[in-house]
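Spelled out from the first residue to the last, the chains are:
Number of protein chains: 2
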Amino acid sequence: MKKTVLIIGAGGVAQVVAHKCAQNNDVLGDLHIASRTKSKCEAIIASVHEKGAMKVEGGFTAHGVDATDVEAVAALIRETGAQIVINVGTAFVNMHVLDACIATGAAYIDTAIHEEPDRICETPPWYANYEWKRRDACTEKGVTAILGAGFDPGVVNAYARFAIDQMDEVKSIDIVDINAGSHGKYFATNFDPEINFREFTGTVYYWEDQTWKELSMFESGRTWDLPVVGPSKAYQSGHDEVHSLAVHYPQADVRFWMGFGDHYINVFTVLKNIGLLSEQPVTTAEGQEVIPLKVVKACLPDPASLAPDYTGKTCIGDLVTGVKDGHDIELFVYNVADHKDAYEEVGSQGISYTAGVPPVAAAMLVATGEWDAKTMKNVEELDPKPFFTLLDRIGLPTRVLKGGLGGEDMAWSDYVG
Amino acid sequence: MKKTVLIIGAGGVAQVVAHKCAQNNDVLGDLHIASRTKSKCEAIIASVHEKGAMKVEGGFTAHGVDATDVEAVAALIRETGAQIVINVGTAFVNMHVLDACIATGAAYIDTAIHEEPDRICETPPWYANYEWKRRDACTEKGVTAILGAGFDPGVVNAYARFAIDQMDEVKSIDIVDINAGSHGKYFATNFDPEINFREFTGTVYYWEDQTWKELSMFESGRTWDLPVVGPSKAYQSGHDEVHSLAVHYPQADVRFWMGFGDHYINVFTVLKNIGLLSEQPVTTAEGQEVIPLKVVKACLPDPASLAPDYTGKTCIGDLVTGVKDGHDIELFVYNVADHKDAYEEVGSQGISYTAGVPPVAAAMLVATGEWDAKTMKNVEELDPKPFFTLLDRIGLPTRVLKGGLGGEDMAWSDYVG
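From first to last, the protein sequence lines stand for chains A and B.
1 is the number of the first residue of the first sequence in full-length UniProt numbering; add one for each residue after it.
1 is the number of the first residue of the second sequence in full-length UniProt numbering; add one for each residue after it.
Hints in this document: simulated from the structure, not taken from any laboratory.
Backbone N, C-alpha and C define an ideal beta-carbon position, used for all residues, glycine too.
A few of these clues could be false.
These stretches of chain B come out as covered by chain A in the derived footprint (C-beta under 8 angstroms, 3 or more residues) [to be verified]:
id : segment
1  : 267-276
2  : 282-290
3  : 295-302
Chain A extracted, bound-state conformation (with noise of 0.2 angstroms):
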């Protein structure tokens, strides 16, 4: 069952990849960590020690690899032996790190979209236009392949296929994303600004009424009054989920909604506004080529450095409406993680904590041949029961709300009874 795993990346969520991994090593095996910068895995993997995070005894190395190189990531699973690549590199890497399993047949875990850096919010379903194209490449070689295994997309798929689950028929999947939480600088994103912003600059794209229906940003905004965290302003936005979502549930209205301070939106706007958030390169009067964004992100707050500062609460989670023997029902599926909790266990921030511990999950349910698929899943096609025993577990407990928001709050165990 000890599968050796390599993680790709080196930033917030792999340190929490890291840390989980290391704590589940006696499912997991062998570990390895791989970056473009490789001292930067080093410094995860002290920190892994720093916390005796590792199990069982058993081996953490770091290494240097560039992951837009399908070969030399090819070459670094064979030469790790890794059955299961957990993929939190920047979603730029995706498809080359995906291409590199089915070439060797190592499961392939990933929890964003693919992006190709000149090009923001393609033609709907997202997942149509890289990761689905390699479906049938992954089931003729028996890869297991899951896509977007993080939190958002990830465990939010796992809450509209538990709450579907239960009922006769799905009406809407309203999944909403609460962050709570103060870093306490002037301004600051949760992960990769390059990545954030690019959220945000493109069409909204929803599901509504069995057709692909679009928004502005900012356009479409109400008050959802989450359990912990109270009520909030968030606003509909483009997201992954949504993407397969509606193409497994398309009888199933499907929005997604992002929890924004009048500050972060002030502050996008004006970036936006400007021009500095495009991903298109402009010329300087000295005549440098630069990408306005990539200069944004060099000069905000690295996410990892938000950790040791932040407090509060993120609520994160899924309205699901539909019919149960002929009459209405509504759920409200989701949790509750704490960054300063998050900090102490792994060294991160909430939100790399809640995008880090689900793949690991996914990691050990295909280690153990729950979710060893062999071809390509989205999460919300695997069965979430075993996800939720081990996120109730490992850190990342779910719960629900009978009757939808204000109702009964209960634990999903007890929910099934």
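Given the coordinates of chain A, work out where chain B should sit on it, guided by the hints.
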């Protein structure tokens, strides 16, 4: 009396200078214009001919020159036979051009204080850091150098001198610059964004109680009720003229107030707090070294491009208080300019117009001998009356509110009788 003039620079202000020189080439003689990009100079000359701006027959020739190369500028002065250099290039080249004038004996006129690319907001008085160190060299060589002869600094220095000349004792000089115009863009600066932002990112120095005092930008604001433009919020800002007026009139408090709308302040605050207005390089994740401010500049509209759609008016003036015959006396000396009128006359917006007309008036006074000081002078050290007479005629009439703001409105010439 025909002197031959060399204009350095090819931006929005240079466009105005070129047109105004052409309109007065009976006094100024043959005209030359030089910048790094010769084609920009050719475009300006073409616009001069298009408007039929040349008053009498005469030459107007474009040149390419690197204005940071003192030898190259000196060679161009010799080659053209220029006796007057109007330097409206970027403020980074000022001392290079001045050195070329000192080397060749040509008169030098500029409109802004010299800046070094990597330094912002140096020790007050600013003129002592670069310009005044060359005063003795000017005197020895008999070179006329008129510093800061735009509108502010420039005309406002003459306004101060004029008002002080009406008093026995001066107590305070408050210079107020309100642009009540509208360019219709989300955000734009009225002149080179790099220079514009650099004005406001450093310490705000002002002179009070015979000592230099310091503020942060937007720390001190008040509403000024000015002629034509009406009540306008303005904030104490660092500005060149404070640094010469305080030295020449140490008994007076000297403050500069710049009008800003809430939108400008918001955009400025966001960009500054994120670090995007920094003149110090940052390194992107890809290893590219970039100066953020230069990227912001590349994203913003070219100030010259604002001209066709710019509407509204500017009001810039000096409120000067003092004592005359034992009584307190107050004068507001000012000009109102119109963006649309400026565009129709010379193809530029009002801010470029107010900055570009005065150095041409100064050049004409050097040509006629009235301001041919044979040494280095700030504008307040020169007789303001011939300057006002010329400005009245060539587009920037001077008016006076007797008794200060809200007082009786009259032409300066009526005030002196």
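field: Annotated coverage of the segment 282-290 of chain B by chain A, confirmed only when three residues or more have a Cβ within 8 angstroms
entry: Check passed, 7 qualifying residues.
query: Are there three or more residues in the segment 295-302 of chain B whose C-beta lies closer than 8 angstroms to some C-beta of chain A?
result: holds (count 6)
- request: Tell me if chain A covers the segment 267-276 of chain B under the three-residue, 8 angstroms CB rule, please?
  value: holds (count 7)
In summary, the structure agrees with every hint in the numbered list given earlier.
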